[in-house]
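Asker: Please assemble the complex out of the two chains, which come individually in their own frames, going by the hints.
For the protein sequence lines, the chains are U and D, in the order given.
Residue numbers are given in our numbering: position 61 of the first sequence equals residue 61, and the series is strictly consecutive.
In our numbering, each residue carries its 1-based index in the second sequence increased by 1000.
Simulated from the structure, these hints should not be mistaken for lab results.
Since no wrong hints were added, every one of them can be taken at face value.
For lysine to any residue, the following SDA-like pairs were computed, each having C-alpha atoms within a straight-line distance of at most 20 Å:
no.	chain 1	residue 1	chain 2	residue 2
1	D	K1174	U	W136
2	D	K1160	U	T110
3	U	K54	D	P1085
Just so it is clear, the structure is predicted and the values come from calculations on it, not from any experiment.
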Amino acid sequence: MPLLEIRNLVVRYGEIEALRGVTCAVEEGQVVTLLGANGAGKSTTLRAISGLAKPTSGDILYDGKSIAGLGPEAIVRMGISHVPEGRRVFPGLTVKENIMLGASNRRAATSEISREADAMFDLFPDIRKFTNALGWTLSGGQLQMVAVARGLMAKPRLLLLDEPSLGLAPVIVQAVFKIISEIRRNTTVLLVEQNARMGLSVADYGYVLETGRIVLGGKPDELWGNEAIRAAYLGGHAKVSA
Amino acid sequence: MDLALQLLFTGIGIGAVYALVALGFVLIFRATNVVNFAQGEFSMVAAYLMVVAVEAGLPYWAAFIVALLGMALVGVVFNLGVYYPLRHRTYLPVIIATIGASILLANSVLAIYGPQPQVLEGWFETPGIQVGPVYLDSQYLLIIGVTICLVIFNFWFFEKTLLGKKLQATSQDKEMASLLGISVSTMIMITFIYSAVLGGLAGILVAPVLFVSIQMGSTIALKAFAATIIGGFGDVAGAIIGGLALGVIETFGAAYISVPYKDGFAFLVLIAFLIFRPQGIFGERVAEKA
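The following block holds chain D by itself, in its conformation from the complex (with noise of 0.2 Å):
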C-alpha cells in the first residue's frame, strides 16, 4: 500500500509533464487542424535554454523566466516560419513542415551542444520531504503545483475572458471569426505561443528528473500524443486527464510488472483505447469541436 501511494505521486508527477506538452497539442490542433510534431522539440529547447542560461550565472527563478520568453520568442519564429506560409493549404504540407521543424530544431541543438547529456539541477535545494510513508521529491511537488496553477489559468483565461471566447471561436469557424473582426492571424500567434510556453515549461520542470538531451523531445512528445488519444483527441480536459493517466500507468506498470518495459505500458493502453474506444475518454463530446 505503501508502494502505492508513492507510484502516485510520482505516476502523477511525470503524468503532469505529459499533460503539459499534449495541452499544448490540443491547442495549436483546435486553432489549426494541425498535429504540430514539433510540440516536444519546444521542451527540449526549452531545457536546454535554461541549462545555458544557468550556466551563465544567472540565478535559477531569473533563467527560468529568460528560459520561457525565449520558448515564447520560439512561438512566433514557429508560427511565422512553419504555420503562416502553409496556412491556406490543406492539413498534410503544414504537418510535413512541422516534422521538418522539429528534425531543425533537435539538430540545430545538437550542432550547438553535441550529443553528451547535460545535467540541470532541480529548483530546490532540499531534495523532498518524508509524509508518512511516502517521499515527497521536491522537483515532483513543483512540477503537480506548477500544472494545477496551469490548469485553473487555462480554465479562466478559456472560459472567463473575452480573448478566450475569440481564440475558441477561431478554432472553431476561422472565416465567421475573421467576419465579426477577430484578427485570426493574431489568435494562431497567441496560440502558438501559449503552447511553446506550456511546452517549454514543462521541459523545464522534467529536466532535473531526466537528463537534459536531444531525445527528450521526442520521448515526451510521443507519450503527450498517447495521452490525447486516450483522453479524447481535440479535447482540454481529455489532454490533461490523459496524461496524468499515463504517467501512473506507466509508473505502475514499470514498479509492478516490468522496469525495461515502462514505456511499452503508454503505447499498450494506447493501442487498447485505439482498438476499443478510439473517441477517448471524452470523446463524446464531439460538438464541441463541429
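One chain only, chain U, in its complex shape (with noise of 0.2 Å):
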C-alpha cells in the first residue's frame, strides 16, 4: 500500500478546474517529483493534500486512511507537513522562532523543542549564523533553508515541497537538493519542481502535470529519455501514447 494514494482528484476554484481527476501514487520512503509547467496544477495538488484547497471530487488516501477534506492543522497532526512556495517563513519572528514553531503540531515541552531546533542547524549549518535574526532581513536561500527546516520540525511522515529552487542561484539551488537527498533517509518527500532536471536527479519516480491532468508517470530515465516530458518541461502539449 502506498503511503499517499491521490485518486480521481478534481480541485476547482471558483469556476476554474484547477485540478481535473488527478491521480498519483507516492510509495513510502521515496521521492516523488511533480513536474509541469506554471499552472499546470502542481501547487494546487500540494495544497489539496495538506488541506488548504478543498477537493470538489475524488480521495487522498494517506496510510490508507481518507483525508480529503480535513484541515490543514488536523493533517498535518498526521504526520504531512507542507513547505509551501514562497517559503513563508514569518517575517517578525526569527530564525530559531521560526524552526520552534514548526513542531506546533505535536506535544513537546518548549525546552525539548529549543534542543529540537538547535539541532537542525547541524542540517542546516549555513543559516546557524542568524538564529536570532528576523525572517524579513533574510535572502532567498537562507529563507528556503529555514522553511524546509520548519518543515522537518514536525517530524514528517511525509514531507511536501513545493519549488525549494525557484528563484534561487544554482549554487544555492545545489545545496537545498543536497539537503533533500539528506531528508530523504527517514523522510518519504513528495517535491514540485519546475526544474526538472533538479526534480528528477533526486526523485525515485516523477509524474508530468498538464493542465490538471497527470499526462505520464515513471522513473527518472524513462521520463528523461522521453521526447514527451522535454515538450512538457517546456510547457508544450505532450502527445502521449502510453
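Answerer: Structure representation (C-alpha cells):
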C-alpha cells in the first residue's frame, strides 16, 4: 500500500478547474517529483493534500485513510508537513522561533523543541549564524533553508516541498537539493519542481502534470528519455501514446 | 513648574487608560486585520459590570475579578458572534459587524441601566498622597501601576513564551500558521479574550475618575484610536507611547490653553500626525507587519 494515494482528484477555484482528475501515488521511503509548467496544477495538488484547498471530488488516501476535506491543522498532526511555495517564513519572528514553531503539530516541552531546533542547524549549517535574525532580513536561499528546517520540525512521515529551487542562484539550488537527498533517508518526499532536471536528479519516480491532469508517470531515466517530457517541461503539448 | 509636574502625573494616568484600550485595538488588528470599533464598549461594559458587582455587595477586589471574568466571557461571545461567522470574508463586513456590536452593547446597557450615569468608588479609601509639590491621586497611581505591570506582562507573553510566538505567527501569516498545526481559531479566540480584558481593565480603572456612562466607551475608544495612529498603527510599543503622549498633551492643553477644548487637542495632534507623519512614531518598522 502506498503511503499516499490520490484518486481522481478534482479541485475547483470558483469557475476554474485547477485539477481535473489527478491520480498518482507515493510509496513510503521514496522521493516522488511532480513536474509541469506554470499553472499545470502542481501547487494545487500539494495544497489539496495539506488541506489548504478543498477537493471538489476524488479522494486522497494517507496510510490507507481518507484525508480529503480535513483541515490543515488536522493533516499536519497526522504527519504530513507542507513547505509551501514562497517559503512563507514569518517575517517578524527570528530564525530560531520560526523553526521552533514547526513543532506546533505535536506535544513537546518548549525546552525540548528548543533543543531540536538547535540540532536542526547541523543539517542547515548555513543559517546557524542567523539564529536570532528576523525572518525578513534573510535572502531567498536562507529563507528556503529556514522553511525546510521548519517543515522538518513537524517530524513528518511525508514532506511536501513546493518549488524549493524557485528564484535561487544555481549554487544555492545545489545546496538545497543536497539537503533533500539527506532528508530522504528517513522521510518520504513529494517534490514539486519546475526545474525538471533538478527534480528528476533526486527522485525515484516522477509524474508530469499538464493543465490539471497527469499525462505521464515513470522512473527518472524513462521520463528523461521521453520526448514528451521535454515538451511538457517547456509547457507544450505532450502527445502521449502510453 | 509644580503645576507642570502635577499635570504630567495626571496626564500619564489618563494616558495609561488610552494605552490599554489602544493595545486592545492593536492586538485585534494584528490578529484579524480588522479595527474593532466595539473596543471602547468593552471598557463601558466592564465599568457597568463593576458597578453591578459592587452594588450586589461583593468586596471591591472580588467585584474586580468578577468584572474581568465577565469581560473574558464577553470576548468569547464577541469572537463567536461577530468575528467568527465572517472570518472568511473581506475586512469590510467584519468592521461593520463590530460597529453593529458596539451599538448593540451600548443600547443593551442603556435598556438595562437607563441613561443616568453611575458612580463607582475608587479602590482605596485614602484619596491620595502629597509628595513634595505633587499630589498623587491614589486611583491614578493604581492606573499607572497596573499599566506598568501589564506592559511588562505583555512583553513577556509575546516575546518569551511559545504561545506568544504562535499568536505573532498567526497575525503574520494565518495560512502558514495553520500548515504548522497552530490552531488559528484558538489563537484568535485568545486575542479577543485578552483584548476584551484589557479594554475592561481600562474601563474599571478609569470609572472612579469619570462617571460610568453609556458614552464613556466611545470617548475612550476615539482617544485610544488616535493614540494608535500617533504611535504607528499596528505597533504595540506605539500604542502605549501614543496613549501616554495623548493623555499628557490633552491634560497640558486643558490646563494652559483651554478647558472646553480639552478633547480637541487630542484630535488636533491626530490631524497633524495624519498630515505630516501618517505612519506614526514607530511607523518605519513596517517589516514586522509585512
